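Now for the letters of each chain:
Number of protein chains: 2
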Amino acid sequence: MVKYEEQLDAIFTALAHPARRAMLAQLGKGEATVGELAQPFDMSLPAITKHLKVLERAKLISRSKNAQWRPCRLEEAPLRTASGWIEEQRKVWESRLDRLEDYLHSMEKNGERKKR
Amino acid sequence: MVKYEEQLDAIFTALAHPARRAMLAQLGKGEATVGELAQPFDMSLPAITKHLKVLERAKLISRSKNAQWRPCRLEEAPLRTASGWIEEQRKVWESRLDRLEDYLHSMEKNGERKKR
Numbered sequence: 001m002v003k004y005e006e007q008l009d010a011i012f013t014a015l016a017h018p019a020r021r022a023m024l025a026q027l028g029k030g031e032a033t034v035g036e037l038a039q040p041f042d043m044s045l046p047a048i049t050k051h052l053k054v055l056e057r058a059k060l061i062s063r064s065k066n067a068q069w070r071p072c073r074l075e076e077a078p079l080r081t082a083s084g085w086i087e088e089q090r091k092v093w094e095s096r097l098d099r100l101e102d103y104l105h106s107m108e109k110n111g112e113r114k115k116r
Numbered sequence: 001m002v003k004y005e006e007q008l009d010a011i012f013t014a015l016a017h018p019a020r021r022a023m024l025a026q027l028g029k030g031e032a033t034v035g036e037l038a039q040p041f042d043m044s045l046p047a048i049t050k051h052l053k054v055l056e057r058a059k060l061i062s063r064s065k066n067a068q069w070r071p072c073r074l075e076e077a078p079l080r081t082a083s084g085w086i087e088e089q090r091k092v093w094e095s096r097l098d099r100l101e102d103y104l105h106s107m108e109k110n111g112e113r114k115k116r
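Those protein sequence lines, which keep their order, are chains G and C.
Taking our numbering as reference, the numbering of the first sequence is continuous, increasing by one, and the terminal residue is 116.
Taking our numbering as reference, the numbering of the second sequence is continuous, increasing by one, and the terminal residue is 116.
Honestly, the hints are just simulated from the structure, not real lab data.
Please note that the accuracy of each hint is not assured.
Heads up, the list lumps identical chains together, so a pair's fine if it works in one copy or across two of them.
Stated by the list, open to error - Distance condition first, Cα-Cα at most 27 Å in a straight line; then the derived DSS-like pairs of lysine-lysine: (1) 53 <-> 91; (2) 91 <-> 29; (3) 29 <-> 3; (4) 3 <-> 50; (5) 53 <-> 3; (6) 65 <-> 53; (7) 65 <-> 29.
Note that the coordinates shown come from a computational prediction; the quantities given were computed from them, not determined experimentally.
Pulled out of the complex, with its shape left as it was, chain G reads as follows (with noise of 0.2 Å):
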């Protein structure tokens, strides 16, 4: 459990800047370089390391270890994750928003009944 949260964290931290939403869309068109995902920036490449490393961390992206060039990937398991954690909170506020509607059915109905 301890895990899962520190997962979540990691991953939100790393999407929460556009350098890196902007190198993860990117990635999720095909394998690049770190040359190729510093190229739209105005950055160091101190910079771009940086916020690779950041991805790195939260498993979003991984690096070929065999190439020379050494390719970074996208990895899509985190994105599942993330997006499985808001899906659990959309079921949680839907289920109460039925019950509510349930609720205010069964109040009309009532109402019906006593004017009856």
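Given chain G, work out where chain C should sit, using these hints.
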């Protein structure tokens, strides 16, 4: 576009802490006062207030202005914005995998044709 990116920054930042996620999960079940939200945590009131401010900044919660006890309530729209962004990425990588599959099938067919 900048506003959308800023919204995503604020939402994902807000989701990147277990206490704030727990508060949102509780609010999914219904409105709650600051005292009720603070109850499960071993935290000072200023610390709780700080977390609530991060959630308010992301518009994930709102606070009633009328009632004296000013209950907090969950606002679903930012959660939909966050999962919408993740969903967009999923579409990109899935269409890439589909294209890759198509390509491999066409290679396979070419191979069979050559064998004949």
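Quick rundown of the hints versus the structure:
1. Proximity of residue 53 and residue 91 under a CA criterion of 27 Å is satisfied inter-copy only: 25 Å between copies versus 33 Å inside one chain copy.
2. In this homomeric assembly, residue 91 and residue 29 come within 27 Å of each other (Cα to Cα) only across copies, at 10 Å, whereas the closest approach inside a single copy is 31 Å.
3. When the C-alpha separation of residue 29 and residue 3 is checked against a cutoff of 27 Å, the pair qualifies only between copies, where the shortest distance is 24 Å, while the shortest distance within a copy is 30 Å.
4. In this assembly of identical chains, residue 3 and residue 50 lie within 27 Å of each other by CA distance both inside one copy and across copies; the values are 23 Å within and 24 Å between.
5. In this assembly of identical chains, residue 53 and residue 3 lie within 27 Å of each other by CA distance both inside one copy and across copies; the values are 19 Å within and 26 Å between.
6. In this assembly of identical chains, residue 65 and residue 53 lie within 27 Å of each other by CA distance solely inside one copy; the values are 15 Å within and 43 Å between copies.
7. Within a single copy, residue 65 and residue 29 get their C-alpha atoms as close as 20 Å, which meets the 27 Å cut-off; across copies the closest is 46 Å, which misses it.
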